[in-house]
Amino acid sequence: MSSRRTLVYAACQLGGWGLYGLANILLSLLFIATTSRGGEQFASRTAWTVLMCISGGLITHLARTWLPLREWVRLPMRRLALLIPFTCTALGLVQQVIGLVLAYPVLHIYGASDFSFSFLIMGGAFWAVVMLMWLLTYLTVHFVEHAREVERERWRQEVAAQTSELRFLKAQLQPHFLFNCLNSVRALIVEDPVRAQQAVTRLSTLLRHALSSHGPETVPLSQELQVVRDYLSLEGIRLEERLRVREDVAPETLGIAVPAMLVQTLVENAIKHGIAQTPEGGEVAVLARVRDGALQLEVANTPAPAGTPAPPHSSGEGLHNASERLRLLCGMGASLQLDQTSAALTTARVRIPLSP
Amino acid sequence: MRVLIVDDERLARAELRRLLAAYPDVEVVGEATHVEQARQQVEALTPDLLLLDIQMPGGTGFDVLEQLDEPPDVIFTTAYDAHAVRAFSVNALDYLLKPIEAERLAESLERVRQRGHAQRASEPSRPTGTPLERVFVRDGERCWLVQLAQVPLISSEGNYSRLHLPGHQPLLLRSLSYLEEKLDPARFFRASRQHLINLDFVETLEPGPGGTLVARLRGGPEVEMSRRQSLRFRERMSL
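Just so you know, the protein sequences line up as chains A and B, in that order. Taking the numbering used here, the leading residue of the first sequence gets 1, the next gets one more, and so forth. Taking the numbering used here, the leading residue of the second sequence gets 1001, the next gets one more, and so forth.
This is chain A alone, in the form it adopts within the complex (with noise of 0.2 Å):
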C-alpha cells in the first residue's frame, strides 16, 4: 500500500515538473520562431529551464520529507490559512534565489543590468505561487482520502453499535410481554390445560429464538414469519378475541433474505400502539410480494383512537433502528416508512430491492 502510494507520488512529481518544464521550452521555441535574436539563448535557457524543473522538484520533495504536511489535514482552517502561504512564500523565495544564482553567475542568462526591484519582486511571486499550486495538489489529494478515511471508520462504528443493540434487543425480549404472557398461562392452567401447554410450547420456541444471538444476521423470510407467528399466538392468548390476524404471503417471497427480527418488530409495535390501546382490538395485516423487483412487506394495523396518549418508553426509537438496519443489511436501496395518513390503517412498509 505505502509502496503504491510512494510510486504514484513519485509519478505526480516528474509529470507535474516535467511538464511545466516541457511547456516552457516550447514557450521558448516559439519565442525564437518570432524573432532573430532568440537562437543564441536557446541552449542556455533551456538548461536554466530543466535546472529549475530540478530544484523545483527537490525543494517541494524535501518540503514534504522535513514538514508535517500530511497532518495539516487535521488542522483547523485558521491555522491553514496562516501556514499556506507561510509555506509557499519560503519555498517560493529559496527558488528565486536557486534560480537567480543559476542564471546569473553561472548560465548568464541575464546581465547586471537586467535586476530591478520590480524584477525580483515578480519572480519570487511568480515562484510563490507555483509551489501555492504545489501544495494546494498535495493537500486536496490528502484531504479527500482523509475525509474518506473518517467516512469508513463512522461506518465501522455505526454497524458495530447496531450489532451490539440488536444482541441486546434480542437478550432482553419485552419483560412486559413476557410476564403478562406467563400471567395468561397460569390463568390458562385452570381454564382451558390444553391451551396452556401449547402456549408453553409456543414461549419456549420463542424464546430459544431470542436468545440464540450468535444467528445470522439476516433470515429468510420464512423463517422471520415462523417467530411472528408463535409471537402472535402468545399475544392472541393475551388479547382473544380483540387480535385478529390476516396473514397474506405470496409464495415466491418465503426464500428472500429479510433482517432477522424485523418483521417480529413491526408487529410489536403495531400490537403495541394499535391494537393494546383499542378496548374493542383490531386487525393485524402481514403482507408479502414481489412487485418491481423488489420485496414488498406491509404490516398494517388498526390504529389506537385518535387522542390516546402514547404507552410509556415508545419514542420511536425502535422504528428508527429498526430502518437504520435494514438499509446497513440490505443496502442503501432498502427502505422502512410508516404511514399513518389514513385513520383506519396505520400500515409500515418495507421494500428491499432484489439483487439481479
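Mixed in with the good hints there might be a few duds.
To be verified - Below, a sample of chain B positions facing chain A; criterion: calculated Cβ distance under 8 Å:
1) Leu1011
2) Ala1012
3) Glu1015
4) Arg1018
5) Thr1033
6) His1034
7) Pro1057
8) Ala1079
9) Pro1099
As the list claims (entries may be wrong) - A short list of chain B residues far from chain A (calculated; beta carbon distances all over 12 Å):
10) Gln1114
11) Val1146
12) Gln1150
13) Glu1157
14) Asn1159
15) Ser1175
16) Glu1206
17) Pro1221
18) Glu1222
19) Ser1226
Hints are computed from structural coordinates only; laboratory data are not their basis. The beta-carbon is built from N, C-alpha and C at its ideal position, and this holds for glycine as well.
Knowing the structure of chain A, use the given hints to seat chain B on it.
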C-alpha cells in the same frame, strides 16, 4: 370488602377472581377493561378496593385515579414496569407483580383491611355527600394517595391546584374553586383567591395591612387573607 377489578385482559381478570375466591369477606362487585369504564364503574359501584392494572387501552391506571373524585383503596397490578415500581417504593400505595403470588395478595389485602379499620374507627358514619377526604396525585415519577386533612395549604395554579405538603408540592388536576366546594368547610377556609388554608394548621393570626389578617401555618408558610375573607373569618370566629 367490595372489590372492582380493572384489567384489559380477560384471563388476567379470571386469574384475579380465582385468587380472590379464597377470601370469604371479599366480594368482586365488577370488572372494567379500560380507563373510561373504570371511572364509570367506580362511581356506580363505589367499591372499597380497586385492583388496578397499570397498562390498559386509553391510558394507565394512574389516569383512572387522577380522574376519580375520591379514589378507593388501590392495589396496582403490573406485569413489569420499572417506573411504576419506583413510584410506589416511596409511599404507602401497594402493588402486585404479575403473575400474582397468593401470599403477596394476602399481605396486601391485610394491609387494606387494617387501613379500612383505622379509618372506620375514626369516622363511624359516612353518609353520602361527605366532603372530599383524599386525592390521588402524581408528581413526576412518584404518586400518592394524599389525606387532605394533612395538607396545610392549597394554592391555585390556573385551572389546577398545588398541595403544599412538607417536602413536596404535587399538582392536582382540579381547580381551587372545585376543591373549596368539595372540601370540609369546617376544616378548609378560602383565605384569598389564591389560597385555601387548613384551619387545623393555623398557629397564629396577626393583623396585616389595611385590616387584613395574616395566618401563620404550622410548618412554615404565612398566608395573607384578602380583606373580604378577613372580615368573614372574624365573623366566623366570633360566633
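Status of the hints after comparison with the structure:
For Leu1011 (chain B), the suggested interface contact is upheld, since its CB lies about 4 Å from the closest CB of chain A, less than 8 Å. With a least beta-carbon distance of about 6 Å to chain A, the hint placing Ala1012 (chain B) at the interface is held under the 8 Å criterion. The beta carbon of Glu1015 (chain B) comes within 4 Å of a beta carbon in chain A, closer than 8 Å, and the hint placing it at the interface holds. A cut of 8 Å between beta carbons decides the hint on Arg1018 (chain B): the least distance to chain A is about 6 Å, and the hint holds.
About 6 Å separates the beta-carbon of Thr1033 (chain B) from the nearest beta-carbon of chain A, less than 8 Å, and the hint is met. Given the 8 Å rule on beta carbons, the hint for His1034 (chain B) holds: about 5 Å separates it from the nearest Cβ of chain A. At its closest, the beta carbon of Pro1057 (chain B) sits 5 Å from a beta carbon of chain A; the interface hint therefore holds under the 8 Å criterion. The interface hint given for Ala1079 (chain B) holds, since its Cβ lies 4 Å from the closest Cβ of chain A, which is under the 8 Å cut-off.
Because the closest C-beta pair between Pro1099 (chain B) and chain A is about 4 Å apart, less than 8 Å, the hint holds. With a minimum CB-CB distance of about 27 Å to chain A, Gln1114 (chain B) clears the 12 Å threshold, and the non-interface call stands. With a minimum CB-CB distance of about 23 Å to chain A, Val1146 (chain B) clears the 12 Å threshold, and the non-interface call stands. Taking the minimum C-beta to C-beta distance to chain A, about 30 Å, the non-interface status of Gln1150 (chain B) holds against the 12 Å cut.
Every CB of chain A is more than 12 Å from the CB of Glu1157 (chain B) (nearest about 22 Å), matching its label as outside the interface. Chain A leaves Asn1159 (chain B) outside its interface by the beta-carbon criterion, the shortest separation being 19 Å against a cut-off of 12 Å. Remark: the non-interface label on Ser1175 (chain B) is consistent with the geometry, its nearest Cβ contact in chain A lying 22 Å away (cut-off 12 Å). Non-interface call for Glu1206 (chain B) relative to chain A: holds, since the shortest CB-CB distance, roughly 47 Å, exceeds 12 Å.
No beta-carbon of chain A comes within 12 Å of the beta-carbon of Pro1221 (chain B); the shortest separation is about 34 Å. For Glu1222 (chain B), the non-interface assignment is confirmed: its Cβ lies about 39 Å from the closest Cβ of chain A, beyond the 12 Å cut-off. Distance to chain A confirms Ser1226 (chain B) as a non-interface residue, since its nearest Cβ pair spans about 38 Å, more than 12 Å.
Taken one by one, the earlier hints all hold for this structure without exception.
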